[in-house]
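Build out the structure end to end from the sequences listed, making use of the hints.
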Amino acid sequence: MSRTASPELSSDGIQIERHWQELAGRRRAYSWIIAIGLLVTIAGSLWFANESNAGKFFDRLPHLFDFAGDLIPRDGWEVWRAMFDLPSPYFDGSLKYDYPEGRVYLFGSFYMPEYFYKMLETLNIAILATLAGFIFGFMICFLAAKNLVKNRFIRFAARRYMEILRAFPEIVIAGFFAAILSLGPIPAMFAVGIHTIGALGKLFFEVVENADMKADEGLRAVGANWFERVGFGIVPQVMPNFMSYALLRLEINVRASTIIGAVGGGGIGEELRLSIGRGHQAKTLAIILLLFVTIIAVDQFSAWLRRRLVGEQAFTAGG
Amino acid sequence: MSAITADTIADFETRYPAVFNPPFWRRFMPVLIAAGIVAYVFYCWWFFSIGTVLAGGQWQRAELYARDWVSYAIKTTVRPGPTGATVSYPRFSELGDNPNPSWVVKDGNNVAILFGSDKKLDINDQRVIATRGGETLTVLLAADGAKPQGPLPGWATLKEDQVTVSFGFAGQADIIPQRVVVSRRFLGWANFVFDTSSPFWGKSFGEVASLIVSGERIKPEMSNASLAFDNIWFNASWQHGDVWTKLLQTIVMAFMGTLMASLLSFPLAFIAARNITPNVFANQITKRFFDFLRSVDMLIWALFFTRAFGPGPLAGISAIFFTDTGTLGKVYSETLENIDDKQREGVKSVGASPANVQRYGVLPQVLPVFASQALYFWESNTRSATIIGAMGAGGIGLKLWEAMRTNTNWHNVAYMVVLILVVIFIFDGISNALRSRLSGKTQH
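One line per chain: the protein sequences are E and D, in this order.
Residues 1 to 319, numbered by full-length UniProt numbering, are exactly what the first sequence covers, in order.
Residues 1 to 444, numbered by full-length UniProt numbering, are exactly what the second sequence covers, in order.
If you are wondering where the hints come from, they were derived from the structure by calculation, not from laboratory data.
Quick caveat: nothing in here was measured; it's all calculated off a predicted structure.
A couple of the hints might just be wrong.
As the list claims (entries may be wrong) - Label-pair restraints from in silico Cβ distances: (1) E/153 - D/75: 40 to 50 Å; (2) D/29 - E/27: 53 to 63 Å; (3) D/30 - E/120: 24 to 34 Å; (4) E/213 - D/26: 23 to 33 Å; (5) D/29 - E/304: 14 to 24 Å; (6) E/149 - D/219: 51 to 61 Å; (7) E/27 - D/237: 30 to 40 Å; (8) D/8 - E/149: 39 to 49 Å; (9) D/352 - E/206: 30 to 40 Å; (10) D/350 - E/304: 38 to 48 Å.
In this text, a Cβ means the ideal position worked out from N, Cα and C, and glycines have one as well.
Encoded structure:
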């Protein structure tokens, strides 16, 4: 801006005013450059995305709810029949209405509906992967913490190791193990579990580095060795936080194992993909409802448990 | 220090029963939890029949596949005959149209194949002599099958009429009557830059550079530089162009998805926060909307949008956008509900308009946290984009999954994994640097 300074300013004042104007102008210019750069990037990205997509955005916009249209069953009760494996009045020998076929008999005539069983499979994948990630992450994280390990190389090795586990695409681990063990839930477990080791390990060592070292000092003063210091000085402090992170991870892993399931890892994800591919409306809708309810239930359960473990602090977003 | 009397001890015990006589479940809780976990693992072991699957796994394949990540094999067939041996290569050999590798030595009727300093195969029309270390094995080529002479060493196997000799990593040979099929393995990625159909193939870096800078035009219609680029971009076995385009799609998916999600959840979070918008109805509607977006799950959103837009980055962007609007909205509104109220009151007390109260009383507190959360999600979405890509949302995930399903293109998988890792590490670095700068600013 080229506004002249007010007459009552002294010469020093004028200089300060001019300097301030200069700084403000430069700042504005930077803001504009960043904003324009961002806009160009966004426009370019969107154009590229639209160009390389199979269908173009505006052509396909009227078809936005095609997927929802594929979910409309013949009547409202079909969904519940599909979900609980009850016989359908429309049964004509085809896969589409053969709900009782999928029953998993536990004892006598008591059965578990197919999709509940598959959902349980997915949940078990997620829980077991989180458990494995927790155990191995727990073992590695102390080696990566600055306040416990003075040797830089051990720390460096532990951190890089966790980073690679974290960044390695889950799909490749799943594919690699699927080639060895054939498709199924176990490759999915490996994939989710290996990623969890890296992800939890990183969060864990950050917690350990922020731990109060007074307990550790006390233990050192009475001659405790490294394992005793970690076991009695650090672990009791960090355990609630560790558990809270593991529960958060469990929420993520339930979602991850459904997705891995959809690309061939078994469980409910695979059922969903097959059912969509075959055009079974009632089955698809039943699976989606089940998935929706399960995810909400897991989230609520984990939130409740975390609140008990670490109190409100687990819910404040801190950087 | 005075000694504690028995009375005092008893007194302490009655005063703090929770410390001296904790209830049974509290005393044994760690043991119970551990026992529960062990029982759960056993249950899962049975549920997934993990033991059977692991035992039935083709573990020898793991080594083969892992080897394929970093090495390649060249196949050649030697047909010995009374008038001279013929050495043939597959039509699309890594060695080009007229292969003449140094590890195949032809000398009249004899063909020697070298697998290393003390490993070789000596073939003529009567017999094959395999040497590995100090041991040798002679195999006679009879009309009704290969006949090994003497006891078989540990590195050779006889199956019906066929003898297979293995030279470890360097390769192996199947001795079949009438022919010897050799597979010779080398470390590295074959023809990574130029494929065999390119005029630049087989030339050293210096030769290629001088051709590009000052050579005659190989093809009259384009310069050597653009021809070289074209040959690299359309390399038949590595498909650099396709891989890089797909990688860019994945990056765009993560970037645009996160950016749009944070832009939309930003205003919505102000409506959802009960201290900013004192209207319970509006709060609840927005919060339940966030919960809905989050709980439907990226998987279903990806399927939904793949059906709507067809496979490609648009579907991926939309899936990430919808899921993360929910997640970021939840995080943002919780941040807003935890802000320090003093600054707002200060701005309000000097008579600022409602918009200015948010601008100067709220935004400076929450913006660094918002941005850092968005950056964190950007980084983690780069990974998610790979996975939902494999389900049909396009990008490198799909290509990766297809390459893996063939079980033979593990070197391509390795290439794409390296690219993804590099991208994730770069983004991780950028996001960490930006986040530490942002949180540094909040301190003063």
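Ascending list of hint numbers which this structure does not respect: 7
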